[in-house]
Amino acid sequence: MHGLPRHRHSIHCILPPYLARQIIQNGSPQQRARILRTLAIDNTFRAMRLMRSGMPRMARALIPGSMVVESQKQRTIYDMKNSEQFPGMVARIEGQGDTGDVAVNEAYTGLGATYDLYWEIFGRNSIDGNGMPLNAHVHYGTDYANAFWDGERMVFGDGDGEIFNRFTLAIDVIGHELAHGVTEYEGPLAYFLQAGALNESLSDVFGSLVKQRTLNQTAEQADWLIGAGLFTDEVEGKALRSMKEPGTAYDDDVLGKDPQPGHMRDFVRTWEDNGGVHINSGIPNRAFYLVATDLGGYAWERAGHIWYETLRDPRLKADSSFLSFARLTVIAAARLYGQGGEEEKAVRDAWNQVGVRISRAKAGEPIEAVGMPAEQQPVAH
Amino acid sequence: MRIELKREGGLAFFPGLSRPRGVDLGELPPDTAEAISRGVQEARFFEQPSTPGPASQRGADRTSYTVTIDDGGRRHSVQLVEPVEDPRLRALLELLKRAVKEHGGSAHAHQ
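Chains A and B, in that order, are what the protein sequence lines are.
Residue numbers in the first sequence follow our numbering, run continuously in steps of one, and reach 381 at the last position.
Residue numbers in the second sequence follow our numbering, run continuously in steps of one, and reach 1111 at the last position.
There's no promise every hint is true.
As the list claims (entries may be wrong) - Only pairs whose alpha carbons sit at most 20 Å apart, straight line, appear in this in silico EDC-like list of lysine to aspartate or glutamate:
#1 B:Lys1097 / B:Glu1042
#2 B:Lys1006 / B:Asp1070
#3 B:Lys1101 / A:Asp252
#4 B:Lys1101 / B:Glu1008
#5 A:Lys345 / A:Asp294
#6 B:Lys1006 / A:Asp253
#7 A:Lys317 / A:Asp160
#8 B:Lys1101 / A:Glu162
#9 A:Lys73 / A:Asp128
#10 B:Lys1097 / A:Glu162
#11 B:Lys1101 / A:Asp160
#12 B:Lys1101 / A:Asp128
#13 A:Lys244 / A:Asp294
#14 A:Lys81 / B:Glu1094
#15 B:Lys1101 / A:Glu234
To be verified - Far from chain B, by Cβ distances over 10 Å, these chain A residues were calculated:
#16 Gly129
#17 Gly297
#18 Ala334
Rather than coming from a laboratory, the hints here were simulated on the basis of the structure.
This structure is a prediction, so every number in the text was calculated from the model and none was measured.
Each residue gets a CB set at the ideal place from its N, CA and C atoms; glycine is no exception.
Generate the whole structure from the sequences, applying the supplied hints.
Okay, structure coming up:
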């Protein structure tokens, strides 16, 4: 029988359609999501076969489109070779193996883990939800001690070796930068004052979820630190921030003391740091930590879904305040898991514990923060 | 010529790193001082707007530097947001960062 291709295991071999339908009806949410994706892939292949079979255009139009597209993870890591002139040299592309450069490999793995969290847990296809290629630039500058999102790409420095190690070392920091991209595409949150602190907090939340999922940790097992390992041994500190205990991440002669508050009573009014975006993010960070530990289990499951749905809520505005965001999380918890359920209660309790009180009657009416820091007061009821 | 450098932003806010730092060119080794004088001229520092480059609204965690130079009665401040696109301004910033790190003191001492 020469000339015949050997049998390949295509995706439709995995499950007969009736079994897949049963899982959709009775399976766990994870099983359901997985099967829906498989069915979608199956449809795509079938449609492609029909297309090639010369079927008339009118008949083809009757075939329903796929519900979800296939994963489009498309990573490119560029080596800046210590320059600041973009784009640098391509060092590793999707599907390519280990290059022997630790920063390149960490960026590749970290982008992959972040893409997978968004795709496998939230059904989101990349930063823009539409398969946007993920570009990271490593070895940026000389002794460069930062990582940032420039609106299109993620950029990582090697650290100065005195205070900071290389910034690709912390997978939550990679997730943090990519999450800035998602927030930018998804919503209008300005990078200023309370909205900016929410923007920062969302990056910490999803960055931390990337790390927790990579380590397969439950909310109780996770350390809830951001950027653990970035400091050299010279520094008195364990990380850039602590979501669990804001203000306790470092206390060092050179860096100073971690300025993050974990409660509205300690809210910092400042014009520095875009109005304290990396400072006051401690408050919503701690709220997320409290929800996740109250609900227990994996934080990306319920707490993560509530936060992700809030980010996607069209009522989230450019100048949303903590209170406005908090109300939307309560609405999301009720919508996803039922009114008055333990999730809604956990969310309400968590915000209450950080000094953001959401009155029951007003939960559906988000309010916006006013521009001046002096007016960003906790609202008492 | 006196130079003050203030760092802001980045992936985290560190109170200890955000204090303004300053150096007098007279206190620097002659080579370094000369390189900075040349860098200030080449970058046309005193002719730069206070926020050069495209005012991008996008991005997050970028570091910004406010460079203030006092030179015989002239005083000018420029805010540079990374990545700095103008190669001459970028080169000047690198020189200043290094000089301040190696020789700089608290800016307040001279104010």
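Tested hints:
1. B:Lys1097 / B:Glu1042: Roughly 17 Å between the alpha carbons, so the hint for Lys1097 (chain B) and Glu1042 (chain B) holds.
2. B:Lys1006 / B:Asp1070: Holds: Lys1006 (chain B) and Asp1070 (chain B) sit about 14 Å apart, inside 20 Å.
3. B:Lys1101 / A:Asp252: holds, 17 Å
4. B:Lys1101 / B:Glu1008: Distance ~15 Å between Lys1101 (chain B) and Glu1008 (chain B) Cα, so the pair holds.
5. A:Lys345 / A:Asp294: Holds, at about 10 Å.
6. B:Lys1006 / A:Asp253: Given that 20 Å is the threshold and the Cα spacing comes to 18 Å, the pair holds.
7. A:Lys317 / A:Asp160: violated, 38 Å
8. B:Lys1101 / A:Glu162: holds, 12 Å
9. A:Lys73 / A:Asp128: Status holds; Cα separation ~12 Å.
10. B:Lys1097 / A:Glu162: holds, 15 Å
11. B:Lys1101 / A:Asp160: Since the Cα atoms of Lys1101 (chain B) and Asp160 (chain A) sit roughly 12 Å apart, the hinted pair holds (cutoff 20 Å).
12. B:Lys1101 / A:Asp128: violated, 40 Å
13. A:Lys244 / A:Asp294: Measuring from Cα to Cα gives roughly 12 Å; hence the hint holds.
14. A:Lys81 / B:Glu1094: holds, 16 Å
15. B:Lys1101 / A:Glu234: With a Cα-Cα distance of about 17 Å, the restraint between Lys1101 (chain B) and Glu234 (chain A) holds, given a limit of 20 Å.
16. Gly129: Answer for Gly129 (chain A): holds, closest chain B Cβ roughly 17 Å.
17. Gly297: holds, 29 Å
18. Ala334: holds, 30 Å
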